[in-house]
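*Asks:* Sequence:
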Amino acid sequence: MDIVKGAVGCAVVALLAAHQLSTLDAGRRAALWGAARAVVGTAPPPPQPSPPAPPRPIPVAAAPAAFGEEAVAPDRFGQYRASVEIDGERLPALVDTGASFVALSAEDADRIGLRPRPADFRYTVSTANGPAQVAKVQLASVRLGGIEVRDVTALVGGRGQLGQTLLGMSFLSRLSGVRIDHGRLLLTR
Numbered sequence: 041m042d043i044v045k046g047a048v049g050c051a052v053v054a055l056l057a058a059h060q061l062s063t064l065d066a067g068r069r070a071a072l073w074g075a076a077r078a079v080v081g082t083a084p085p086p087p088q089p090s091p092p093a094p095p096r097p098i099p100v101a102a103a104p105a106a107f108g109e110e111a112v113a114p115d116r117f118g119q120y121r122a123s124v125e126i127d128g129e130r131l132p133a134l135v136d137t138g139a140s141f142v143a144l145s146a147e148d149a150d151r152i153g154l155r156p157r158p159a160d161f162r163y164t165v166s167t168a169n170g171p172a173q174v175a176k177v178q179l180a181s182v183r184l185g186g187i188e189v190r191d192v193t194a195l196v197g198g199r200g201q202l203g204q205t206l207l208g209m210s211f212l213s214r215l216s217g218v219r220i221d222h223g224r225l226l227l228t229r
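The numbering of the sequence shown is my numbering, which starts it at 41 and goes up by one.
There's no promise every hint is true.
[Stated by the list, open to error] Restraint-style ranges between C-beta atoms, simulated for each label pair:
#1 T137 - G203: 23 to 31 Å
#2 G128 - T193: 17 to 25 Å
#3 K176 - G203: 14 to 22 Å
#4 E125 - G203: 15 to 23 Å
The set of hints was computed from the structure by calculation and includes no laboratory data. We treat Cβ as the ideally placed atom computed from N, Cα and C, and that holds for glycine.
Please model the complete structure; the sequences and the hints are all you need to start from.
*Replies:* In structure tokens, the structure reads:
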């Protein structure tokens, strides 16, 4: 069948050439070309080379943080948890760019020796669990790996008010960079 189409197509092209295309009116020329295309069909485009494969991502374990950076890998829920040192005591914390301040649970505040008086809990903040009464304190230092920030404003939640310590913006905003790279949170001093 393909040979027949090819032969008929060649005959139409030869016919067009023989009758001097320029002497035919535009309508007849278009009809002849249409017939030739219908008989021969359109040839598929020539095969194109495949684009090169994109570079493979660097595995997280093989991409160490640069000097002056600390990398925090996400936990199985996609949250960034880190072991931080607050006023010399190591505590677990959730890195939270949505928290305005470093916020300590009452239990973690006890561990580092902060015991605000009941009258100090005069601030109300909105948390994921609703409003909470907190006390404002100053921390001598907050350290995550090799990054240390001194004189950090923080909040202490009342008993049962904060489920975990948050590493918020009163620490993070004092860094030169906070970004996600290859799934890791990179903090730069």
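*Asks:* Compare the structure with each hint and give your call.
*Replies:* For each hint, the structure was consulted:
1. Taking the beta carbon of each, T137 and G203 are about 18 Å apart, not inside 23 to 31 Å as hinted.
2. One distance hint, 17 to 25 Å for the beta-carbon pair G128 and T193, holds here, with the actual separation near 18 Å.
3. The hint said 14 to 22 Å for the Cβ distance between K176 and G203, and at roughly 20 Å that hint holds.
4. Taking 15 to 23 Å as the suggested C-beta distance range, the pair E125 and G203 conforms, at roughly 21 Å.
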